[in-house]
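Asks: Modelling step: build the complete structure from the supplied sequences, incorporating the hints.
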Amino acid sequence: MSITLDGLSVHLAGAELVRDLHIETAEGEVLGLVGPNGSGKSTALRCVYRALQPSRGAVLLDGADISTLAQRASARHIAAVPQESSNDLDFSVAEIVALGRFPHHRGNQPLSTEERAVRDEAMRRADVVHLADRGVLSLSGGERQRVLLARAFAQQPRVLVLDEPTNHLDIHHQIRLLRQLRTDSTTVLIAMHDLNLAAATCDRLAVLANGTVPHIGTPTEVLTPELINEAFGVTPSIVRHPRTGIPQLHYDI
Amino acid sequence: MTTSDAQPTSDTQPVRPASRREKSLLTTVLSLVVVLAISILVGITLGPAPVPLPETVRYLAAAVTGGTIDAADASGYSIIWQVRTPRVLLAAVVGAGLSVVGVAIQATVRNALADPFILGVSSGASVGASAVVSFGLFAGLGVYALSTAALLGALGASALVYLAARGKSGLTPLRLVLTGVALAYGFQSLMSAIVFFAPFSDSARTVLFWLMGSLGSATWSGLPLAAATVVLATVLLLWNSRALDVLALGDETAAGLGMDATAVRKRLFLLTAIVTGCLVAVSGAVGFVGLVIPHLVRLLVGANHRRVLTIAPLIGAIFLVWVDLASRTLFAPRELPLGVITALIGVPVFIILLRRRGYLFGGR
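Protein chains in written order, with the working numbering: chain U, 1 to 253; chain B, 1 to 364.
Wrong hints could be hidden among the right ones.
[Stated by the list, open to error] Examples of chain B residues lying across from chain U (beta carbon under 10 Å, computed):
1) 42
2) 217
3) 242
4) 249
5) 258
6) 260
Calculated from the structure, these hints are not laboratory results. Note that beta-carbon positions come from the ideal geometry of N, C-alpha and C, so glycine has one too.
Replies: Take a look at the structure:
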């Protein structure tokens, strides 16, 4: 499924967080949102997983405005790993991951055999099977992040919305996750700070900067010293990865 | 990027099936039902004037099956069937209800310190109750004046808290708690003022006793409404137990899982206000049960709301049946307020449990 941000604007508490944002993704594409703090990456993503209502414009799922769908119905197609996640109750890891099935059924029946298989597969993909019976409050930050990813996988989404998903992850799990995103057929909208990982992961990047029209294109097209300077106010040296040819940024401190 | 492509060993581990947990839940429920039945029987037998167990059973059987008893047994029968049985059953209903509402309210406001009375319900009820006690409000309703005024006070207070807490960004947990706590102070001062200006000098004492909870006025006629409310609320909450789980993960995550947290919170608020209002009307404000039983149950069965909501009403019912027994026998013929005993028993038990098991609520 494809997702389109169609002229998205968000006003919140007197501030304009996102102005007239147009982004189209192709089915199965990994599209990265990069930009400085406060450039509206998270705000745009929050509209996609419906934690926010856009003030103007719409989010389209295969061309249909998601606000016309029941929230539960759109959650069957769109799963999210938000940046901030708090929980005070000591659920087990398996319980948290099983909640990814929430949009798919009603009532309080235990998971069916098939749904348990979906949950277990999601835990394998996020490498948290060995934590299944642990309480989430006793996990490390990276382990917790992987549990949230597993919950999103268990939702069996066609569109995955990830806000800084590599936060807290060690390099092994960062690479493991980003590789999965590349090989899966799921459409991915991902906000990232690490431009080098973003360049290696995403088919296209949208560079957001305050108040300007975003530059959207392949990593090679948008990761130029001029554009990075315009968005972030730093000028990197850009080299090609010796094997893949993907642009990689180096900075003078 | 040259990480190893070898699968981590954990990928081949089988995931433990949940069925064992389901089985142990059923066992726990069955044992608790047995304990509750025994507790109720003990509660009916014992009292300031203990009635031997065989007699008690005979009276109960006669009442249930419509059998006859000797005229000589009439006073014993009356104590057992007209006084103690409704009172003990009401204790079970109130204990179960407060525990269930405690679970729901802690999920609604996402706060470990929340109890059924945090949203101004008990202080609102106390305003109504003190008006009855001090100025004879609703005198036309006779013995029902106090419960009616308490119920109206509770619902009125809840409505005020709800209206004041509502904001542009929805009904956020912190706003709800802060508004509830702030308005509770207002209601308390209103109650104090009413008692202060009361023409009868023992108003303060009566209101205080009522505020700390008592089942002394339990009758058969008051029982069905309270019981039906509690059963209905428990069934509704159990049916939506997964929504409570999702609510605990925060509004942002809830949105991603397809749930409008504010809408769910509104419904939960209405439910808890009605149930708590009914319970306060029949028993006053029995403190501590709704705060501590949910935590106790989570210690035993984990955080999953389906398990918590299955176990909590049973444990709450057992707890309050014994508390009520203690309240009417320890210093008989005087009765202690329930709140005194719930705290005296509950606080040390809770602290011991909290320290012994690695109970986590709100992080490390």
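Asks: Take the hints in turn and mark each one as holding or not.
Replies: Verification of the supplied hints:
Contact between residue 42 (chain B) and chain U, as hinted, is not supported at the beta carbon level, the nearest pair being about 33 Å apart and thus beyond 10 Å. With a cut of 10 Å, the hint placing residue 217 (chain B) at the interface with chain U is violated, because the nearest CB-to-CB distance is about 36 Å. Taking 10 Å as the C-beta cut-off, the interface hint given for residue 242 (chain B) holds, the closest approach to chain U being about 6 Å. With a least beta-carbon distance of about 5 Å to chain U, the hint placing residue 249 (chain B) at the interface is held under the 10 Å criterion.
The interface hint given for residue 258 (chain B) is met, as the beta carbon of that residue sits about 3 Å from the closest beta carbon of chain U, less than 10 Å. Because the beta carbon of residue 260 (chain B) sits about 6 Å from the nearest beta carbon in chain U, less than 10 Å, this interface hint is met.
In this structure, the hints that do not hold are numbers 1 and 2, in rising order.
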